[in-house]
Amino acid sequence: MEKTYKCKYCGNNLTITDAVCPYCGKENEFGKALIAEIDEKKSELEEVKKVTKRKIDFSTRTAKLTIILALMIAIIAVYFYRIWSSDLDIQYARADVETALDLSKNSNGYKAILDDLIEKRAYLELSNFELNNHLMHSDAFDDYYSVFQCSTCYDAIYRGIMEMIEHTDYVYNDKTDEDMAADIANYVDGLVTFSSKEELYYTQERFTPEKSQYIDDIKKEASDMVIVFFGLDKDIDLYSMSQDEITELLQENCKNVRGAD
Amino acid sequence: MKKHLVLNIIIGILSVVLAAGIVQLIFVKIFFGVSNNYKTDNSMLYYELQQGWYAEFVRDCYCNKYCGITEETKPEYTDYIEFAKYYETAAKYRVYSEMGYEDRAKEALSQMDEAKAKMTELSALTDKVDKMLQCR
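These protein sequence lines map, in sequence, to chains Z and W.
Note that the first sequence ends on residue 261 in the numbering used here; no numbers are left out.
Note that the second sequence ends on residue 136 in the numbering used here; no numbers are left out.
Source of the hints: derived by calculation from the structure; they are not laboratory data.
Because the structure is a prediction, the values reported are computed rather than measured.
All C-beta atoms in this analysis are idealised placements derived from N, C-alpha and C, irrespective of residue type, glycine included.
Careful, some of the hints might be misleading.
Sample of chain W residues at the chain Z side, in silico, Cβ under 8 angstroms [stated by the list, open to error]:
no., residue
1, I11
2, L14
3, I22
4, G52
5, V58
6, E88
7, V95
8, M99
9, A124
10, L133
Calculated lysine-lysine pairs in the PhoX-like style (CA-CA distance at most 25 angstroms, straight line) [claimed, not checked]:
no., chain 1, residue 1, chain 2, residue 2
11, Z, K105, W, K65
12, Z, K219, W, K85
13, W, K131, Z, K255
14, Z, K111, W, K65
Turn these sequences into a full structure, and let the hints steer you where they fit.
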């Protein structure tokens, strides 16, 4: 219930918010002052509301703009990183750098493995170890140059023969048996090249008796493999023939590789 | 209010673009990632066997070896590793026996038998290899 007051002029009842007496028309000073104070407080409140709203709006806009900016930066970063990551050449180069660092730190470890593989005559394993670790182009392994090249040739000859036997689609997409035989002849000739004295002089490679024996053995095993699988005369010396002669010989006999199949 | 709606829409669009970029990035990383060493996982080795790419299979097993995948570290690869040994040695066995290197042929044969004994499921494939390489 609203509290009432008496008008000091006529004595009738007034409410607190009556600025003038509704009976005598005289001013209610108390009510008038109170209304003025309420109006003032209301306007102050409105001002505070406006200021607060402005501040909130500013903060929200700033936050949203910051989010937009951050998202745009992130998108640009992702875009460039994607280009960088999907460029295989760059990735291979980076892998090579990492490998080179690893090799420089641990070349003795790699050499110990290589010497072990040389001793075991693990031709295929050595070839794959060298390829997998990018050893061929590392200065630390210059002394193994001929070993690497001859092992790679052996690996290629082995794979060539096996793939002829397997006759797999992925190899034979655009190749014939004659093409494969020509590839194999190329690698047989490669064994001669990479074990020659001229090649050793060119690479300045230090040649130990172990490596020399390894290369003689790998040449013999590769030659035997070609002779057996191509059904050649056992006494034939492939290494005394030119690449064209080997190619011709292997192409003539490539039907023997898959035998009855 | 309208300004906020516009900003919200822009944020939404940029978020979608960013998410798509990240997904694509992950895709590129997974399918086109290059490392120093080339590992071949179980499923790919199995696929190579199914396709009859045995020489490729032998190569991949060697690559795996120097990525730390051996019979000791990953016993689930034992079958594959032993099959690769068998396949490589079978070719050698044929060469040695036809060239008349008795001792080496004998040693290769015992290595083949040893590898076959360690195989489980893939031992059935050895007959196919023997026939293919005409080694027994």
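Item to check | When the least beta-carbon distance from A124 of chain W to chain Z is tested against 8 angstroms, hint result | outcome: Since chain Z brings no Cβ nearer than about 18 angstroms to A124 of chain W, farther than 8 angstroms, the hint is violated.
Item to check | Agreement of K131 of chain W and K255 of chain Z with the hint, judged by alpha carbon distance not exceeding 25 angstroms | outcome: holds, 17 angstroms
Checklist entry - Is the interface hint for V58 of chain W satisfied, with its Cβ closer than 8 angstroms to some Cβ of chain Z? => result Where the cut-off is 8 angstroms and the nearest Cβ of chain Z is about 7 angstroms from V58 of chain W, the hint holds.
Next on the checklist: Can you confirm whether the C-alpha distance between K111 of chain Z and K65 of chain W stays at or below 25 angstroms?
Outcome noted: With a Cα-Cα distance of about 17 angstroms, the restraint between K111 of chain Z and K65 of chain W holds, given a limit of 25 angstroms.
Checklist entry - Quick one, is the L14 of chain W hint okay against chain Z at 8 angstroms, beta carbons? => result holds, 4 angstroms
Next on the checklist: Between the alpha carbons of K219 of chain Z and K85 of chain W, is the straight-line distance 25 angstroms or under?
Outcome noted: holds, 21 angstroms
Checklist entry - Given M99 of chain W as an interface hint, is the shortest Cβ-Cβ distance to chain Z below 8 angstroms? => result M99 of chain W check passes; min Cβ-Cβ to chain Z is 5 angstroms, inside 8 angstroms.
Checklist entry - Going by Cβ atoms only, is E88 of chain W closer than 8 angstroms to chain Z? => result holds, 6 angstroms
Checklist entry - Is the Cα-Cα distance between K105 of chain Z and K65 of chain W 25 angstroms or less? => result holds, 21 angstroms
Next on the checklist: Would the hint on L133 of chain W be counted as holding, given a Cβ-Cβ threshold of 8 angstroms to chain Z?
Outcome noted: holds, 7 angstroms
Item to check | Interface hint outcome for I11 of chain W [beta carbon to chain Z under 8 angstroms] | outcome: For I11 of chain W, the interface hint holds, since the closest Cβ of chain Z sits about 5 angstroms away, which is under 8 angstroms.
Item to check | Interface hint status, V95 of chain W versus chain Z (Cβ within 8 angstroms) | outcome: Holds - the Cβ of V95 of chain W comes within 8 angstroms of chain Z, reaching about 5 angstroms at its closest.
Hint check: a violation occurs at hint 9 only; the rest are consistent with the structure.
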